[in-house]
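J.: The chain contents come next:
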Amino acid sequence: MKLLLIASCLVLLTAFSTNADVPKPKTPDKPKLILHTGLEIVPDAKLYEAKLQISQSDFNNLRAALDGGAGSSPVVGSIAFSAPRTIVAGLLMFMAVSVAGVLIARSSSVGRAQKTVGAVLVVAVLLGAAAIITRGNAGPPGSWRWRNLPQALAEGKSTVGGVDVEIVPDDQMNGRTMRLIIPLKKQNSPGEE
Amino acid sequence: MQNATVIDGWPRRATPTTIPFSAIVVLSVIAAAAFASWLPLQVSIVTLFLFAGPHNWFELRYFLMRLPVRFGRSRNFFLTAFAGLGVLTLTYVALPFLYNAALWSEEAWYWVVASWNTALLVWLASLVWLRSRQKPRANWKWTIPVALALCSLNWLGPDLFSLAIVYVHPLIALWFLDRHIRRTRPEWLRAYRRCLWLVPLVLAAMIWQLSLATPLADNNGLFWRITQHSGAEVLPQISSHMLVSVHLFLEMLHYGVWIVALPLIGRIGSVRFWELRTVPIARHPKGFPRVVAAMLVFAVVVVIGLWFGFSVDYATTRDVYFTIAIAHVLAEAPFLLRML
Chain C
1 MKLLLIASCL VLLTAFSTNA DVPKPKTPDK PKLILHTGLE IVPDAKLYEA KLQISQSDFN
61 NLRAALDGGA GSSPVVGSIA FSAPRTIVAG LLMFMAVSVA GVLIARSSSV GRAQKTVGAV
121 LVVAVLLGAA AIITRGNAGP PGSWRWRNLP QALAEGKSTV GGVDVEIVPD DQMNGRTMRL
181 IIPLKKQNSP GEE
Chain S
1 MQNATVIDGW PRRATPTTIP FSAIVVLSVI AAAAFASWLP LQVSIVTLFL FAGPHNWFEL
61 RYFLMRLPVR FGRSRNFFLT AFAGLGVLTL TYVALPFLYN AALWSEEAWY WVVASWNTAL
121 LVWLASLVWL RSRQKPRANW KWTIPVALAL CSLNWLGPDL FSLAIVYVHP LIALWFLDRH
181 IRRTRPEWLR AYRRCLWLVP LVLAAMIWQL SLATPLADNN GLFWRITQHS GAEVLPQISS
241 HMLVSVHLFL EMLHYGVWIV ALPLIGRIGS VRFWELRTVP IARHPKGFPR VVAAMLVFAV
301 VVVIGLWFGF SVDYATTRDV YFTIAIAHVL AEAPFLLRML
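Chains C and S, in that order, are what the protein sequence lines are. Using our numbering, the first residue of the first sequence is number 1, and each one after it goes up by one. Using our numbering, the first residue of the second sequence is number 1, and each one after it goes up by one.
These aren't lab readings, by the way, just hints derived from the structure by calculation. Source: prediction; values computed, not measured. We put the CB at the ideal spot given by N, CA and C, even for glycine. One or more hints might be untrue.
Far from chain C, by Cβ distances over 12 angstroms, these chain S residues were calculated [stated by the list, open to error]:
{"#": "1", "residue": "18"}
{"#": "2", "residue": "38"}
{"#": "3", "residue": "114"}
{"#": "4", "residue": "121"}
{"#": "5", "residue": "179"}
{"#": "6", "residue": "213"}
{"#": "7", "residue": "285"}
{"#": "8", "residue": "286"}
{"#": "9", "residue": "325"}
Selected chain S positions facing chain C (Cβ under 8 angstroms, derived; list incomplete) [what the hints assert, rightly or not]:
{"#": "10", "residue": "145"}
{"#": "11", "residue": "148"}
{"#": "12", "residue": "149"}
Kindly generate the complete structure, drawing on both the sequences and the hints.
T.: Encoded structure:
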């Protein structure tokens, strides 16, 4: 029995050491977001070739973002990429939530349920404010503006919405050079559940 | 004595002057939004040239009118206010010189800005605490966790926090006007507060319409400065057209309140703003008429100097103005607290 246990341990240890030598699987490069801007899709029956028109200012922004080695938006970058500042912010937030909690708990003019609601509200407001700042451009979802694109194209009308410009590694483009991905939600036809 | 038409601070019914007042407020808000959205850069240049200096003069006069002859129980409050005002203004004005003199990394610069913003919040919290001691019935303890939370957010994104001050400051004028109307024209208060709901609605409409607008051409120094001041560098994902328009809209409301609304609404005497005896600390037997006169005359000279500077070199004068103008941003805090 002892021999069996020792043998099992040896097999397990070997397995661990063997696995430790296996190189970490290579994760594919993710597309890099470098710019958020507006896009208008305009159907034109007179044209024979599709055109991609970029405003001079957007082109300059695009070039500046690429020159700056952008990998994330500057808003997020200035928030997240500093450990000491994050520590200071965390300590202050801890103190804020603690003091708020003590004040709510010591308050005699409100009931227990109201105290709980107040505490939840304080936390929610703080988290919400942080989320809004982190997102930077929080607002209605981008797909909302594109929801009528098929109908607009059928009627020959233009549609305007937001667009993120991403730089994608060549091997993920399947031989294509540019791709426009529209966030269209599947809409049920009348009578369909 | 309480106004006869007011019950618990709220008027029972609107007076005949309420409707014209509301109409003027609504029209002003809509007109400001239309101009700010239509030609943001051009209107920004003209608005700043015409109204920046005069609005500071009117603010100075308004603060002098609210200054007591003797500080009395408020001595510590005013000493803290003026000491903080002086130190924070001097350090803020020194920041551009530091930036040019020292080769700091971007992260080091974030620390400097975050420290200044923290000092500002600590000063504001101290003023609130001192003021709350004079108002035993008021419970302002909740401002402590709020100040700490704001400090925390400031350290996460100091440049975003500084930009938030740029956008929030114009709205403080609307708070001043609220307190002023409450004291002088309480029958208008309900209508005014209802009209205020228009501001977030107009802002939402502007953001909705302009969020995808083509960024403004910032190919010359002046246009670049205007877009930068509105936060185009801090928020590159957002259309600079929207940023400049929203900021300009708020600034126009700010100037309108200080130059038009506050001097005109209220007692008849306050309308004659050029008369020294309308300022209590100049009129009082133990007051300081010469000091007040000297301050107001000096302020007029500065306003004329500002116009001259804008005419000669608009871009540089704009930079200098917005650096020194932090003093009036800070000065609003203690006087607003005194009115609460």
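J.: Taking the closest pair, is the beta carbon of residue 285/S still more than 12 angstroms from chain C?
T.: holds, 45 angstroms
J.: For residue 38/S, which was marked as not at the interface, is the minimum beta-carbon distance to chain C over 12 angstroms?
T.: About 18 angstroms separates residue 38/S from the closest Cβ of chain C, which puts it past 12 angstroms; holds.
J.: So residue 325/S supposedly isn't at the interface. Is its beta-carbon more than 12 angstroms from every beta-carbon in chain C?
T.: holds, 25 angstroms
J.: Quick check on the hint: residue 145/S CB to chain C CB, less than 8 angstroms?
T.: Check passed: Cβ of residue 145/S comes within 4 angstroms of chain C, closer than 8 angstroms.
J.: Take the shortest C-beta to C-beta distance between residue 148/S and chain C; is it under 8 angstroms?
T.: Status holds, d = 4 angstroms.
J.: Please verify that the nearest CB of chain C lies beyond 12 angstroms from residue 286/S's CB.
T.: holds, 42 angstroms
J.: Taking the closest pair, is the beta carbon of residue 213/S still more than 12 angstroms from chain C?
T.: Not fine: 7 angstroms to the nearest Cβ puts residue 213/S too close to chain C.
J.: Evaluate the condition: distance from the CB of residue 179/S to the nearest CB of chain C exceeds 12 angstroms.
T.: holds, 25 angstroms
J.: Does residue 114/S clear chain C by more than 12 angstroms, comparing its Cβ with all Cβ atoms of that chain?
T.: violated, 7 angstroms
J.: Mind verifying the non-interface call on residue 18/S? Its CB should be farther than 12 angstroms from each CB in chain C.
T.: holds, 35 angstroms
J.: Does the claim that residue 121/S lies outside the interface with chain C hold up, using a Cβ gap greater than 12 angstroms?
T.: violated, 10 angstroms
J.: With chain C as the partner, please determine if residue 149/S meets the hint condition of a C-beta pair closer than 8 angstroms.
T.: holds, 4 angstroms
When each numbered hint is compared with the structure, violations occur for hints 3, 4 and 6.
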